[in-house]
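What follows is the residue order along each chain.
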Amino acid sequence: MHMRILLSMSAVLMLVFLAAISGHAQEPIKIGAIFSVTGGASFLGEPEKNTVLMLKEQINKAGGINGRPVEVIIEDSKSDESAAVLAAKKLIERDKVVAIIGPSTTGESMAVLKIATNAQVPLVSVAAGAGITQPVEDRYWIFKTAQYDTSAVEAIYTYAKKQGITTIGIITVTSGFGDAGRKALQEMAPKFGISIVADERYGPKDADMTTQLTKIKASGAKAVINWSIGPGQVVVAKNWTALKMGIPLYQSHGWGSKKNIELAGKAAEGVIAPLSRLVVWDKLPDKHPQKASLKKYSQEYESRFKGEPGAFGGYAFDALMLVVEASRKAGADRKNIRDYIENNIKKWSAMSGVFTMSPKDHCGLDKDAFEMVVVKNGDWQILK
Amino acid sequence: MLTVFLQFLFSGLTVGSVYALVGMGFNIIYNATSIINLAQGEFVVIGGLLMWFFLESCKLPFLLAVALTILSAGLVALIMERLTIRPLKTNDLLIMIMVTVAVAIVMRGLLMFKFGKEPYSFAAFTEGDPLVIGGAVIQLQTLWVLGITGTCILALYAFFNLTIAGKAMRACSFDPTAASLVGIPVSRMIMFSFILSAMVGAIGGIAITPISLMEYDKGPMLAVKGFCAAMMGGLGRGRGAVVGGLTIGVLESMTAGYIHSGLKDAVALLILLSILFFRPAGLFGNAAMQRLKGH
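Those sequence lines, one after another, are chains A and B.
If you count the first sequence from 1, position 222 lands on 204 in the numbering used here, and the numbers rise without skipping.
If you count the second sequence from 1, position 133 lands on 267 in the numbering used here, and the numbers rise without skipping.
Okay, chain B solo, but in the shape it has when bound (with noise of 0.2 angstroms):
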């Protein structure tokens, strides 16, 4: 019995440390700008792909082949916001959000048309067989991601919180006006927070191919969940994305297990809804703030 519910817990920790890093990308850019970017699904394609573009096709070292992919990412992001959100002549945040969708659009077109339509993927980072824990089995590259999703939420909470280019990007965030005053080149500032938050979207994908494989048209879903990971835990709150994303991966999977499997998108999300009515600025938002940010 506690065998079945620990392989339900890895199963659902597999999935939610998916959901829980592309919740990441989100609040990065929505910490900078209050933008939601919703072509943060695509980004993380973009790191799948491109990670196997450059290891198997181009047959490059592995550390190279990261390097390789989470640069590319970072120039595709630039070029985005340069040409996408830059020229905007508006501060409307629902046309920018529209801009980013149709950005994605784009994105998916051209993925196809470069990748094709079948799924591709590589060796999990470290050979060996799945560690057994009191019977239930665990796959070596879960462990990874778990991992990598820890390091970049300590590596951003020190970016936002110790230095003062992130410092900057918050006070973008706040009031742009106010930020430029005081000598913060917030236009710069939005375009980092578009690399940054597509630099950990390609993380994430390179991370998570091995288990879930990638294609080219996998962005919007994971976009939802992603989403729905950093709703639940509070825009903009870097720990809040990972217990999110964690939470609704170990929820689908006990609902399967327990439950139905036919039922557990459903219940993931109606316990999303339930947190959205009776804790709307999410389990460690904090409401005051949300006001005063005007939204």
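Here chain A stands alone, though its shape is the one from the complex (with noise of 0.2 angstroms):
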């Protein structure tokens, strides 16, 4: 009798205990991410979003991290500022998440890194502004894996210096991106030898550039460089061909969606733009060290949403992977992440570029991430 009790005792106690471990094993690694899913900027958020859920069954579907499964709580910015802090704030003290992927813009980062940085959690950006990691020593928390607009900026003054180019015509869109970007193009220009001879702005929603490109043409400038994402691009594209400028036209790496050569048809024929690599994997030779993984995850998003990941979901793929990988080689531990993130990732291939980090660099990415694109019988063609 007393035997028989015991025995069941003792099992009812190995259940219990069994339970719990096998729950504690169970627990999911929480991970916060911010993207402008809706709202202005939420042609960046929508590709983040959708790239963060399939990544997410992929690593729970293979076991998750270290048998832990992975939980990615996406909060939608609706691409402001004051919505952004207030989904930081929820992330790190309602769900304690690990790390935060995102925001999307440089204008929402910006807002929240003070909080991540008070409150100690990793943040990894998906913005390209310089200022989000930089001056590295106030961003300790802090990490981005979208290019600098520099190094895009470095990439076309160098070929446009391999050209024999040395004055220019820069037109901007008047929005957090086009300022960056002229802010870029003025600055680094002293370095490569160059001279902005015009410097022009339109709306984001402008529909005609004929009269800002005119100025430039009759500035004498021997390129036009337009920084913008959006319609503009494809309107300034066309009408940079009905004026039969003479120049070449350059655009930011916004550029890099077939959708723009579609929209710009004939018009889009000669623009080169410095590109991530993701939108032209099929184009790299096949002993490229990126093609093969930015191959796989192109096609998976492909066939699923039915829409290029472009650029933009790169930066977010690679946000989450670099938490992951942290996570599992040193631990589920919002201080391990970012001591991993920054001592531990050298020579990381990942969609947009090999990341090498260091306690002066949170980017990890130069110039090097681009390549310079022509767009040719209406197709992307890497320039050598």
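A portion of the hints provided could be inaccurate.
[Stated by the list, open to error] Under the rule of at most 20 angstroms between Cα atoms (straight-line distance), these lysine to aspartate or glutamate pairs were calculated in the EDC-like manner:
no.: 1; chain 1: B; residue 1: 251; chain 2: A; residue 2: 284
no.: 2; chain 1: A; residue 1: 240; chain 2: B; residue 2: 263
no.: 3; chain 1: A; residue 1: 288; chain 2: B; residue 2: 190
no.: 4; chain 1: A; residue 1: 241; chain 2: B; residue 2: 252
no.: 5; chain 1: B; residue 1: 251; chain 2: A; residue 2: 268
no.: 6; chain 1: B; residue 1: 251; chain 2: A; residue 2: 58
no.: 7; chain 1: A; residue 1: 248; chain 2: B; residue 2: 190
no.: 8; chain 1: A; residue 1: 60; chain 2: B; residue 2: 252
no.: 9; chain 1: A; residue 1: 226; chain 2: B; residue 2: 351
no.: 10; chain 1: B; residue 1: 193; chain 2: A; residue 2: 290
no.: 11; chain 1: A; residue 1: 241; chain 2: B; residue 2: 263
no.: 12; chain 1: A; residue 1: 60; chain 2: B; residue 2: 351
no.: 13; chain 1: A; residue 1: 248; chain 2: B; residue 2: 351
no.: 14; chain 1: A; residue 1: 288; chain 2: B; residue 2: 252
Calculated from the structure, these hints are not laboratory results.
With the hints as a guide, bring the two chains together.
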């Protein structure tokens, strides 16, 4: 009798104990994400959200991180800075996430980085602005995966110099993206011995930029650089063709969508831009170290969401994988994740380039993350 | 020098003709109801996006696609008027205008669900190189937009001044009670005015999309500029909207050309403000008549 009670009791105890262990082992690793899923910057947030959802499923199907499933809590910032701040507070205080990826835009990232820093939570932004990770002393907890605007400018200027071009006209959109690009273009020009002879602007929804381009033409510039995202870059390409300007048109890295070629039609022919390799993966030589993973991601994304991931989806891919990689190698702890990303990410081949992080550089990409690409016969062609 | 001036002028006319077309839509509803329909920009977007849908997605012939687009826009306006304006138990214009804002927001949401956030475009009406006049280029599509604007003006002028229906519509705006006393079906006239303005908006959308592309959230910008055009010319004045639109377009372009492109929106608005200060009824408006209408 005694024996039987003892036996059943120990069996119950064992069960409870086992349940506790397995319960502990299955507790998910919570990662927060803040993306502009709706609102003005939703063209960024949508591929970012899709990418993260797709990756999360894949990681969990493959057994999670060291046996623990990943839970990604996605907050929509509605492209609004104060909503992004609220989302960050919620993720840190209520959900107790180990790290945050996003926000999607530079403005929102700048608004959120103080909160992450004060709460000592690693934040991997997917926006491009240099101010997000510089000065690096003040950005101890902050990283980013989008290439610097200045790297894109460097890539263009390096290419232009090779063509013997030293006077350029710039035309930029009056939005955060355009402002950052304009600043980078102006600051980098002297280093390359390039002078900017015309500096024009236009609104994000403007229908015609012929006036600005006419002024650039009259200024004697030997090339035009347009810095914008959205329909503006197509209108500029159309006007550039209509005016028969006779000087090359360079676009920013925002140009990297097949949709732009489709919309601009013949006017896209000859446009040159520094693009993320994700956009031109099928044009890379087979031995390129990034090619296999770029191909896998692009094809999976396209078959599932019926659209291109674009460079933006790639930023989110890299941000999530940085956190996952750090959690796997160093443990899912806020401090460990930060330290691992800063010190152990070296020559880490990903979507937006090959990352090398260090205490001095929390982005880890330079101008080599871009390929100079020209539009030829309605398709991309990599320039040597 | 002349070439550059001409180029600025053509660019201004291109942009201005877009404003003029949108401005005209405001006038139609204003003429029948004294309401400012702030969803006017959304009808232009509907025109551009549905045209793309019928033409590129359904592969319909051009004229059929145009007809279907215009009819669909009219249908949307009919639904809008019957569901949101007619049930209102008030004559308060401010409330009606707020309702049109709400409709605009809902429409933008629906358009985003259907078409996503990317811009759309289709080929210009006629193929060919842009026209060169005095060394300056003008896109063929701009000529189409100008021509369509002109045709719309003439058609609307004839409608409002020469047909019984048009005159009845205007009567509703002056005094709805008196209009119904003489046997004008006021509610139906208001419905027709919404349909008509949506159709004009959709025509505008079809015409400008090959120039400026179209995306779901272009409506507010078009509405603001179109409203400026209508205000400048004097609300309710058909030719006023055209002169207003073209003036604003050319001023913007000249400012961008001769001063700086960063200032172009500011200068256009400054000129609009001064017109409102010194000629509140607009360039072609009649202040005495505005007072008679009671606002």
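Consistency of the hints with the structure:
Of the pairs offered as hints, the one joining residue 251 of chain B and residue 284 of chain A holds, with about 17 angstroms between alpha carbons and a cut-off of 20 angstroms not exceeded. Taking the CA atoms of residue 240 of chain A and residue 263 of chain B, the gap is about 24 angstroms. The hint is violated against a cut of 20 angstroms. For the hint pairing residue 288 of chain A with residue 190 of chain B, the CA-to-CA distance comes to about 18 angstroms; that is within 20 angstroms, so the pair holds. Distance check on the hinted pair: residue 241 of chain A and residue 252 of chain B sit about 8 angstroms apart at the alpha-carbon level, within 20 angstroms; holds.
For the proposed pair residue 251 of chain B and residue 268 of chain A, the alpha carbon gap of about 34 angstroms is over 20 angstroms, so the pair is violated. Distance hint between residue 251 of chain B and residue 58 of chain A is fulfilled; the C-alpha atoms sit about 16 angstroms from each other, no more than 20 angstroms. As the CA atoms of residue 248 of chain A and residue 190 of chain B are separated by approximately 17 angstroms, the hinted pair is consistent with the 20 angstroms bound. Of the pairs offered as hints, the one joining residue 60 of chain A and residue 252 of chain B holds, with about 17 angstroms between alpha carbons and a cut-off of 20 angstroms not exceeded.
Of the pairs offered as hints, the one joining residue 226 of chain A and residue 351 of chain B is violated, with about 31 angstroms between alpha carbons and a cut-off of 20 angstroms exceeded. Only pairs whose Cα atoms come within 20 angstroms are accepted, and residue 193 of chain B paired with residue 290 of chain A is rejected, the gap being roughly 23 angstroms. A distance of roughly 23 angstroms separates the Cα atoms of residue 241 of chain A and residue 263 of chain B; the hinted pair therefore is violated under the 20 angstroms criterion. Between residue 60 of chain A and residue 351 of chain B the CA atoms are separated by roughly 14 angstroms; this keeps the pair inside 20 angstroms, and the hint holds.
Restraint check: the Cα-Cα separation between residue 248 of chain A and residue 351 of chain B comes to about 26 angstroms, which exceeds 20 angstroms; the hinted pair is violated. Restraint check for residue 288 of chain A and residue 252 of chain B: the C-alpha separation of about 14 angstroms stays at or below 20 angstroms, so the hint holds.
When the structure is compared with the earlier hints, violations turn up for hints 2, 5, 9, 10, 11, 13 and for no others.
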